[in-house]
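Chain residues, written in single-letter form:
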Amino acid sequence: MNYIPVTEKDKEEMLKKSGVADIDELLALQIPENLRAKKLNIPEGISEQSLLKLFSSYADKNRANLICFRGAGIYDHFIPSVVDEIIGRSEFWTAYTPYQAEASQGTLQAIFEYQSMICELTGLDTSNASLYDGATAVAEAVLLALRVSKKNKVIISSALNPEYIKVVKTYTSKLENIELIEIDIDEKTGSILKETLTSKITEDVAAVVVQSPNFFGIVEDMDLLSQITKQNNSLFISVVNLASLGILQAPGQYNADIAVGEGQVFGNSMYMGGSTFGFMAVKKALEWKMPGRIVGKTVDKNGKEGFVLTLQSREQHIRREKATSNICTNAALNSFAGCVYMAYLGKTGIENLSKINISKARYAFDLVSKIDGFSPVFKNALFFNEFVVKTTKDVKKLEEKLLENNILGPLPLEQINKKYKNCLMFAVTEKRTKQEIDNLVEILKQI
Amino acid sequence: MNIPNNLFYAKTHEWAKKEGDKILVGITDYAQHEITDIVHVELPEVGKKFQKAQACAVVESVKSAFDIYCPVSGTVVEINEELLSSPELINQDPYGKGFFFTVKPDNEEDLKDLMNDVDYKKTIQG
Amino acid sequence: MEKILNEINSNRQEEIINCDVPLNYEIDKKYQRTSVINIPDLCESTLTRHFTALSRKNFALSNTFYPLGSCTMKYNPIVNEKIAKFSSFSNIHPYQPEETLQGCFEVMYELEKALCEISGMSAFTLQPAAGAHGEYTGLLIISNYFKAKGEKRTKIIVPDSAHGTNPASAALAGFEIISLKSEPDGTLSAQRLSEILTKDVAAIMMTVPNTLGIFEKQISEISEIMHKNGSLMYYDGANLNAVMGIVRPADIGFDVMHINLHKTFSTPHGGGGPGSGPVGVKEFLKDFLPAPRIIKAENKFKVDFGNEKYSIGQMKAFLGNFPVILKACAYVKALGGKGLKQASEQAVLNANYLLNLLKGKIKVATGKTCMHEFVLSSKGYLGQDVKTLDVAKRLLDYGYYAPTIYFPLIVEEAMMIEPTETESKQLLDEFANVLIKIIDESNNTPEVVKAAPVNTPVTRLNEVQAARKPKLRW
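Chains as they are written, first to last, in our numbering: chain A, 1 to 447; chain B, 1 to 126; chain C, 1 to 474.
Simulated from the structure, these hints should not be mistaken for lab results. A portion of the hints provided could be inaccurate.
[As the list claims (entries may be wrong)] Some chain A residues near chain C, calculated using beta-carbon distances under 8 Å:
hint, residue
1, 17
2, 35
3, 93
4, 297
We treat Cβ as the ideally placed atom computed from N, Cα and C, and that holds for glycine.
Produce the complete structure using the sequences and hints provided.
In structure tokens:
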């Protein structure tokens, strides 16, 4: 296959116009002979038919479409058909970055609506057009806080998604004198206690980063933690789950300065964690310090309303080494899927989504807790989507038996953190039916 | 091109005005005209110290950003907060309402290293 | 203008999801959301109308030519989209046991193998999510390399013709940027480089061909000087489409590089992403790659965390933008070695052909020949007060997307044009005619060009107001 719409005759005419006899002569005008590469050791190209067959054979080597009870940052949520239909319009997926505003009003308005809906859900003033994923969004939030506060410490909950913590550490690794201080959750409640934060927070702390629901599914006392943080003149960065914001507090309610998180839960298939978008919303005072693209509403020469990329002087193509971030390409189409999803669900849909997710997880939790050999790790805690149980059963055997039944069982937490030996983390979204949950419980009972 | 004769000028197009024991700083009419519509400024923090010719503020148009250099060594004592919500004041009134900040100079002699209106006019015409 | 979403009245009755277990969502008041969500509940039909109307206001590659220099807007093959929609690729959780992910891992491994062959590098990480992300990754690798060697190197040399992400990424990685001035013909001089080269320079970031579309003739000398100084060479892969099967970055002196899959490897731009920016390194830098990566061991594919001591860490969660990687892999398999080389050759031919159609009518800053792109300067060719910006806007009226304008910074009134190999001779002829026509218009009826665009959904927008009085949400 090649996608070149030029015939041999065309080629001859083009070579002639370029003043050369063949392509090698053309290349030789630019490239010294001794720098030329040898033949590429890559097999011959194949037809479309063969290509589909080849990739089907790769796909068949996966076990996919499992009944998913695993989360840890990527979730199996229901995606309404309308999402793929709309993002599948070639005017959206083959479009370029909307620098020429007059030619990109569709993309720009969609981004504006996306930004607005993220603001609605988070209760904050301004959202950007998206970042790569939740992990880099947290990292960018930390960098933002360090930049504006000019302080050198950041307190970060150890109950953040471990992948996020790794990324934050990488992103701050080259900053001089910056200290990341991790604070732990309480073993019993699964959340951060007041004393833990007050004992570590000092006047040189730029920001406090807390995820809620945290990695273990536990909802943190954000009012309290934010209050302590704000009283200390530090920024409060909340890492949240969009699917929970129909019922749980909006970050604006507890006075967060920045809200970030992983948007995959809205409108994106799991794709092994590869179809993500990071969202970021901030208080108005931080608007000009934000990374990423931002779309604004304005008018054209004739007074007609339109949309345009704005506050661009923050960005790399203008500020170069002094930019608020180096980000250029972001996660546009993935965040557009999130946009269509939010637009379709609307207020009621998002509220229902949160309510159903809590109900389903509680239903599963109640049944699992009653199985012999399974006991909840965090008692009397409010959780969303996920809960952790300790088991006396063989964790590996459990996983295998469930896989035999086409079920991707709970996540063995030991592979994430050695402290959680024999612990399993279940994730239950609205997509898990009563039958699937009952079936899971039955199988667990018998192992 | 407006170049008042009671001000001092840096070759990087900042102006300085002595007011009592303090110095007011802004950018010239020529500068604002070259930059075109100013959409945003980053002002220094009150209390921050700068050396002469050190970058201390940023002026942004839609498509560009420019560093502003402190014309004298000293400490920032006041910033023109109006500019944060109305950066257009710099375009409209660069020597008055569009001033950037006030500095308490370490040494007033620094002013002697700046140009007068005649010499500044020569640099922009030349 | 199409209404903004929140101006549409709620009108939905449909049930999207349902709950077959008892509803049980009471929570303590203190955790409850009280702020209202002002998003309307819309019927699917209303929603579809809304977004369909928006789509029709977009130019897109599917309906327009994008001569954007430095972006490689080549055709996005549909079969790749089809493959990416297989549920056996999409309905996969990242924390599934490795034995159940062998298909995904093999795809990643195959792409990495191909990228190594094309570039000459020994290994790639597929984790970075975009070119700039890749640059940052590569610079962190360079930083860790010198740290491990015990050498304090704090500077990165960046040509004044470089893309803005280069210095931005270098600053993020903690380096000081030293600018290297280009020669009058737009290329870099080894001599000038040696004048600013010091022992604390960690690396130079370059793209070959450069942003004017010229192959850096002194690349061998530059490589020698840099390596003799103990410094490294970073290759910005944005222009890789000019050289596949023709020149290998590793062979001409580069130690580390990134590739833009959404440029060279045909994956769609999506209105600004998602992209993917794999980073490749020579063997001696392999330990510094971010973790985790896919490796092949005993005929199986595994997740490997590499060298924990030297690795720069992790650049984003999980393994990388898998659907983008998948599409790029399909592209490579479809074209094969011969097809990839043909793609680059045709990209170079298309650009030279277009250059020759335009020379004489406008200044070609690149010179007599080019590689896959070339830069024009409109200075002196346009009518009174008409600028490159106006020409770009007028092209929209003729149904073409504008080229990259005002970049590279070293050319005045620049217009950077990269046709790519997936455009026909007929289209190039038509485009050249239109561009020449607009140049004529600028001399005969300049006001028409200055008023452009007029055939688009909106005319020029007030960007000053947008920045001074930001309205960033409804």
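Taking the hints in turn, this is what the structure says about them:
1. 17: OK, holds: residue 17 of chain A within 8 Å of chain C, min 5 Å.
2. 35: holds, 5 Å
3. 93: holds, 5 Å
4. 297: holds, 4 Å
Hint compliance for this structure: every hint is met.
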